[in-house]
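With the hints as a guide, dock the two chains, each given alone in a separate frame, to form the complex.
Protein sequences appear in the order of chains A and B.
In this text, residue positions in the first sequence follow my numbering: the first is 23, and each later residue adds one.
In this text, residue positions in the second sequence follow my numbering: the first is 74, and each later residue adds one.
Incorrect hints may have been included.
Stated by the list, open to error - List of simulated lysine-lysine pairs, DSS-like, C-alpha gap at most 30 Å: (1) B:Lys143 to A:Lys79; (2) B:Lys89 to B:Lys143; (3) A:Lys79 to B:Lys175; (4) B:Lys89 to A:Lys79.
Calculated directly from the structure, the hints in this document are not laboratory data.
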Amino acid sequence: DAGITQSPRYKITETGRQVTLMCHQTWSHSYMFWYRQDLGHGLRLIYYSAAADITDKGEVPDGYVVSRSKTENFPLTLESATRSQTSVYFCASSESSGTNYNEQFFGPGTRLTVL
Amino acid sequence: AQKITQTQPGMFVQEKEAVTLDCTYDTSDQSYGLFWYKQPSSGEMIFLIYQGSYDEQNATEGRYSLNFQKARKSANLVISASQLGDSAMYFCAMRERSGAGKSTFGDGTTLTVKP
Numbered sequence: 023d024a025g026i027t028q029s030p031r032y033k034i035t036e037t038g039r040q041v042t043l044m045c046h047q048t049w050s051h052s053y054m055f056w057y058r059q060d061l062g063h064g065l066r067l068i069y070y071s072a073a074a075d076i077t078d079k080g081e082v083p084d085g086y087v088v089s090r091s092k093t094e095n096f097p098l099t100l101e102s103a104t105r106s107q108t109s110v111y112f113c114a115s116s117e118s119s120g121t122n123y124n125e126q127f128f129g130p131g132t133r134l135t136v137l
Numbered sequence: 074a075q076k077i078t079q080t081q082p083g084m085f086v087q088e089k090e091a092v093t094l095d096c097t098y099d100t101s102d103q104s105y106g107l108f109w110y111k112q113p114s115s116g117e118m119i120f121l122i123y124q125g126s127y128d129e130q131n132a133t134e135g136r137y138s139l140n141f142q143k144a145r146k147s148a149n150l151v152i153s154a155s156q157l158g159d160s161a162m163y164f165c166a167m168r169e170r171s172g173a174g175k176s177t178f179g180d181g182t183t184l185t186v187k188p
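Chain B on its own, in the form it takes in the complex (with noise of 0.2 Å):
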């Protein structure tokens, strides 16, 4: 079974405006992580924001927010006020207790801002 699933390959965004990207994931560990990762075309993979099993709140990085939904087992990331810079591929992934360190990543969504 897939761990981590992004549904969405390619989404579309005005400029100034929001948008989510979504992730659900599979697991059966009660601690783990999970993190957003973007990579432009120049194709470097850069950190965006982490979420832990046990954090209350959803975790938020400048522009960006985790929309945390346990139960559901979703985590996903919302960009908001787009910019053109946002434009790349973002990369969902989970570290999991029983993991010993490993992750895994999902298959990813290219995000594409308009102007």
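Okay, chain A solo, but in the shape it has when bound (with noise of 0.2 Å):
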């Protein structure tokens, strides 16, 4: 499929265990992001990736791991899951210029509830 595509959409765990929540892009883009968004909130970065292997901390990173081998890809893992990380996860990706001002494309997002 075209586009910006997250799986699971929907994931239901238990506290302490392990969760990668993956995310794939089909446009090359150089640019892919990791939010959360909490009910009735805005988005907050966790994690962003400016190119393969090149990834930087945004502002909510604690307890989250990402890797970025393919530029297609950008797996987001919660080490020990809290439920304080209940939330809808949104992958985005956007193109890279001279400006960085390129709007993001989002995935469909991933709603994970960790009992």
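Given below as structure tokens:
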């Protein structure tokens, strides 16, 4: 499928378990992002990546790990899930330009519940 | 300090009327980009409009326009001729030159269009 996809779309897990959320884009965009959106709030940046093998922390990185070995994939791992990580997780990508001001294209989101 | 401030948690507008959604931002960069995204109740994030800090003209995209007042650091979204399908959450976002590609989102405004 063309575009940006996330899997799974819904996930229920238990406190302390490791969870990996997958993100795949077909545009070969340089930039990829992970956000979390808590109920009724805006998006907060967890991690982002400017290119394969280049990642950097966002606003709320604690408890999360990312990797980007290939341009098209950007998995997000919750090392030991906590209830406070219950949220909707959005992956996004954007092209790179001289100014880095391209719009972001978002995946459909993953709704994660930690019991 | 909040980088993006959306002071209207909720707004109502009558169908076919125009509505302005407020956004103020805080940055010391001279070069930055401002974005508006729409999130319907179905949850996806949709890019609407972009304004660059050096753009002299206000951006327009169909029924959307951005009222950019650089000195006041405001980037308000104007939706003309509101439609029922415009009912959604609207987010203002910024990407700064110093931010190495990452972006910051406001908390959003929920717009309800009344028939």
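With the threshold set at 30 Å, check whether the alpha-carbon distance from Lys143 (chain B) to Lys79 (chain A) stays at or below it. Status holds; Cα separation ~29 Å.
Can the restraint linking Lys79 (chain A) and Lys175 (chain B) be considered satisfied, given a maximum Cα separation of 30 Å? holds, 10 Å
Given the hinted pair Lys89 (chain B) and Lys79 (chain A), is their alpha-carbon gap at most 30 Å? violated, 43 Å
Check the hint pairing Lys89 (chain B) with Lys143 (chain B) against an upper bound of 30 Å on the C-alpha distance. Holds, at roughly 29 Å.
Checked against the numbered hints given earlier, the structure breaks only hint 4 and satisfies all the rest.
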